[in-house]
Amino acid sequence: MINWNGKRRWVALILLIAGILVMLTVPPIIPVIQLPGEKYPGGGDGFHMTNSLMGSVLVWILLILLAFYINRKMPKSGDEVPSGGFYNLFEVLFEGLYGFILNIVGQKYMRFIFSFFMTILLLVVLSNWLELVPVVDSVGFLEPHITRDATTGAITYEAGYETTNSGGIYVLNPKCPWVSPTDALALTADAKADRASKGCLTGTNAAVAAPAPVVATESPAAAATPIANATEVVGEAAGVTTNTGETAGTTAPAAEHEYAPGDPSVPWVITPYLRSPSTDLNFTASLALIAVIMTQVLGFRALGISYLTKFFNFKTLFSSPLGGIDVAVGLLELIGEFAKILSFSFRLLGNIFAGSILLFVMSFLVPFLPWPFFILEFFVGALQGFVFGLLTAIFMSQATAGHGEHHDEEHEITEVTADNPVEIAPAH
Amino acid sequence: MEHSVLFAGKAIGAGLAMIGALGGGIGIGLSVGGAVQAMGRNPDFASTIQTNMILGVAFAEAVAIYALVVSLIILFVL
Chain A
1 MINWNGKRRW VALILLIAGI LVMLTVPPII PVIQLPGEKY PGGGDGFHMT NSLMGSVLVW
61 ILLILLAFYI NRKMPKSGDE VPSGGFYNLF EVLFEGLYGF ILNIVGQKYM RFIFSFFMTI
121 LLLVVLSNWL ELVPVVDSVG FLEPHITRDA TTGAITYEAG YETTNSGGIY VLNPKCPWVS
181 PTDALALTAD AKADRASKGC LTGTNAAVAA PAPVVATESP AAAATPIANA TEVVGEAAGV
241 TTNTGETAGT TAPAAEHEYA PGDPSVPWVI TPYLRSPSTD LNFTASLALI AVIMTQVLGF
301 RALGISYLTK FFNFKTLFSS PLGGIDVAVG LLELIGEFAK ILSFSFRLLG NIFAGSILLF
361 VMSFLVPFLP WPFFILEFFV GALQGFVFGL LTAIFMSQAT AGHGEHHDEE HEITEVTADN
421 PVEIAPAH
Chain B
429 MEHSVLFAGK AIGAGLAMIG ALGGGIGIGL SVGGAVQAMG RNPDFASTIQ TNMILGVAFA
489 EAVAIYALVV SLIILFVL
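Same order as they appear, the protein sequences are chains A and B. So the first sequence is numbered by my numbering: it starts at 1 and just counts up by one. So the second sequence is numbered by my numbering: it starts at 429 and just counts up by one.
Because the hints were derived from the structure by calculation, they are not lab data. Cβ coordinates follow ideal geometry from the N, Cα and C atoms, glycine included. Accuracy of the hints is not assured; some may be wrong.
Part of the chain A face toward chain B, derived, beta carbon under 8 Å [to be verified]:
no.	residue
1	I33
2	Q34
3	S77
4	I104
5	Q107
6	I341
7	F346
8	G350
For each label pair, taking beta carbons as the anchor points, the in silico distance ranges come out as [to be verified]:
no.	chain 1	residue 1	chain 2	residue 2	range
9	B	G462	A	A154	55 to 63 Å
10	B	F435	A	D190	37 to 45 Å
11	A	G6	B	G461	34 to 42 Å
12	B	G462	A	A382	19 to 27 Å
13	B	G461	A	L21	25 to 33 Å
Chain B with its partners taken away, still in its complex shape (with noise of 0.2 Å):
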């Protein structure tokens, strides 16, 4: 029984702590999104900006895995 209760908390707090990937989400969309129409307009600088997208998305990226790191450390180390 207190197995149980156990359990289904680190289920709930692992679910919970999931939620900060949304922020990542949202930042990888708006920085890929700007990217993208940025290199539209100016194709000849399309490398340029891939490089920065890359290095935006992967510290929007982090955040989230951030999360992703809480939450498997509840479910698999606690």
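Pulled out of the complex, with its shape left as it was, chain A reads as follows (with noise of 0.2 Å):
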């Protein structure tokens, strides 16, 4: 092992001196920001695999290592000792956090809660996390950025770069953003020297750039081809060389083979292999659904069918002067219930998203120091997986607790040296 001491502010300027070259030689670019996950090439109408599935399937893996890793590591009988860094730390974090819920939540129900706590905060810790690893979000498939008209196929050129192909891996060019023909008779001689002294194809004099590929000689049919069909081949391209023939200046190839990769007739971005899941809303909500659907299934083991008067609360109606009060007081419940998946659906993704947008954006700001920001959504990431699961304990043993008047005495003890944020107790 390397004794540490004193050796960490040199690797923090070796981060930094990394980061002024990288600014210098290959600038980060802003990749493309888009909401839904993105689809990967192929798959036709219905199932698309999305980079944000992958990430959340890579999550899943590395949670099945982790737990068979911790089972293996685990002693046997009372008196080994463990070995192994790792699975210490693991321990002193599962102990701490079970003495908290457990203080939150109370013994009783504690098994089903501190489970459903824990997975989730896993879970949800790793996929956060998973945005600060650097291959995430900047490795993928090579795509021309273009959006074609379904019923006339008119192309239209979207916001791109420029490639650079070194040994059949294509990297976008961040000096060179593309320019398209029409564009490039705006420019003056200056800026087009500029541009073809950066080593630039588009937007100068040489016109290497040919014209666009003729869309009105194509049939209808394949001009309504979807954008993922036609990118096929440049997907399987990007790693390995491949189809790389065509020049630029070709007339109207096939659908499925229109853009060699690297063309510089169109405009490039990549469509990440992975992706931070916490920043795609099908898993945020799927969490949130399991999250309030199980809240509600441990209220009903915990109350009956009792559980149901906290929303549906017609007893005092006409026996107390304020009956109506309470009615109304369990409607709201009712949506609460409801508002709660929203609320834990979209704080979550819009923490992340946010977060991952704040790294694009100042990676590309400044990107000799953007590590500063990593360690701050390191912190956000745990944060956030740890609310998800302190809220969904905090709501199951809401749920366990029930309505005030009607619960036992020795549940009430419970509750009360819990220290159960819940205030019930005092009422009795």
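With the hints as a guide, bring the two chains together.
Here is the structure:
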């Protein structure tokens, strides 16, 4: 093992120098920001693999490996001392969180609630931290950034970059944003010479850039081909050099082989292979649904059918002068259960999606010093996972507590000693 | 031209949507301030207070996050 004492400052210095080198050689570019998960090429109209789904598959695999590792390292008998630094770290975290949750929910439903808390915590924290891993969000399929009108087949060019090809691996060239032939006419001679000196192909006097492929000659069926279909070959060729014989200037190729990878006649962008699943509403909303539905399940398990009186409270409607208020409060509670789903899913999505955009923008603005923001996002990711799990635990313990009037004495004592944040006990 | 006007509208709308973050900021400041005062007065209950504080902060923050999500949707989805 390396003795790290006094050496960490050099690590920071090396990171800073590496950042400056990166800024001078390959300055980062802002990727295409899209709220839904980006689809993988191919797949037809129905099922699409998205990069956020692939990210969550990766997180599942990591969690399963973690479970096997912890199970293998766990001492089989009581007097055995556990070995391994990571196992000990995990045990400290686990025991600390166990005590913390025990204080909130009490002993009775601890097993049920804590399993949900810990699962959600590990899953969400791991998927939040996935956005900090270098390859995620930056390596992916090379795709032409064009949109095609479904009926007319007219191509609209979006913002994109030219590519450089180094040994079959295509890299977006950050010095050369793509310029369409019509926009190139408006450039001054100086600007064109400047672009040419940077090695750009479009927007220069050389006019290497071929005119856009003729769409009018294509059959309507080919013109209506979805964009994912057209880029299939491009995605494959991003890793391996195939199909590069086509040079710019070939006229109207077939729909599937429309653009060779790196063809300077179209702008190119990257669809990442992996993306943090927390930046996709599908992941957060499904977790929120699981949390809220299991809260109801636990409520019914703890209180039986009388759990429903929390929402439909007609008991005091005629006996008490203010009975109508109880009914209204119950209905508000019912609405609140649905609001929980929304607030759970959007809190996580908003935090992590905004965090990943923050990382993109900061890597673009200050390429030599982005890592303070990575540290910030590290803490935000951990905190959001913790808040998601903690709120689930608190809602579950509220569901077991039931309505103030009807819970037995023994249960009440548990609530008092458990420091339950729900104010029930002092009223009696 | 049309595209520029559209983009200007999106940018203004996204900026206006983020006014909602004001409430979340005030709420978080008030609740954390109150929690810190309470912890200073009776440190024995610091853990309970902290739990409730995190819960309250998460709720207050949720409102600001809704504003953020709205502005992100305006910018990147619409």
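Hint by hint, here is what the structure shows:
1. Here the hint on A/I33 is kept, as its CB sits about 5 Å from the closest CB of chain B, short of 8 Å.
2. Interface hint status for A/Q34: upheld, as the beta-carbon distance to the closest one in chain B is roughly 6 Å, under 8 Å.
3. For A/S77, the interface hint is violated, since its Cβ never comes within 8 Å of a Cβ in chain B; the closest pair sits about 33 Å apart.
4. The closest approach between the C-beta of A/I104 and any C-beta of chain B is roughly 6 Å, which is under the 8 Å cut-off, so the hint is satisfied.
5. Hint status for A/Q107: violated, given a least beta-carbon distance of 17 Å to chain B, over 8 Å.
6. Interface hint at A/I341: violated, since its Cβ lies 12 Å from the closest Cβ of chain B, which is beyond the 8 Å cut-off.
7. The closest approach between the C-beta of A/F346 and any C-beta of chain B is roughly 5 Å, which is under the 8 Å cut-off, so the hint is satisfied.
8. The beta carbon of A/G350 comes within 4 Å of a beta carbon in chain B, closer than 8 Å, and the hint placing it at the interface holds.
9. At roughly 59 Å, the beta carbons of B/G462 and A/A154 sit within the given window of 55 to 63 Å.
10. The hinted window of 37 to 45 Å between B/F435 and A/D190 is violated, with their beta carbons roughly 27 Å apart.
11. At about 39 Å, the beta-carbon gap between A/G6 and B/G461 stays in the expected band of 34 to 42 Å.
12. Restraint check, B/G462 to A/A382: a C-beta distance of roughly 24 Å satisfies the suggested window 19 to 27 Å.
13. For the hinted restraint 25 to 33 Å between B/G461 and A/L21, the CB-CB distance of approximately 44 Å leaves it violated.
Against the hints set out earlier in the document, violations occur for numbers 3, 5, 6, 10, 13.
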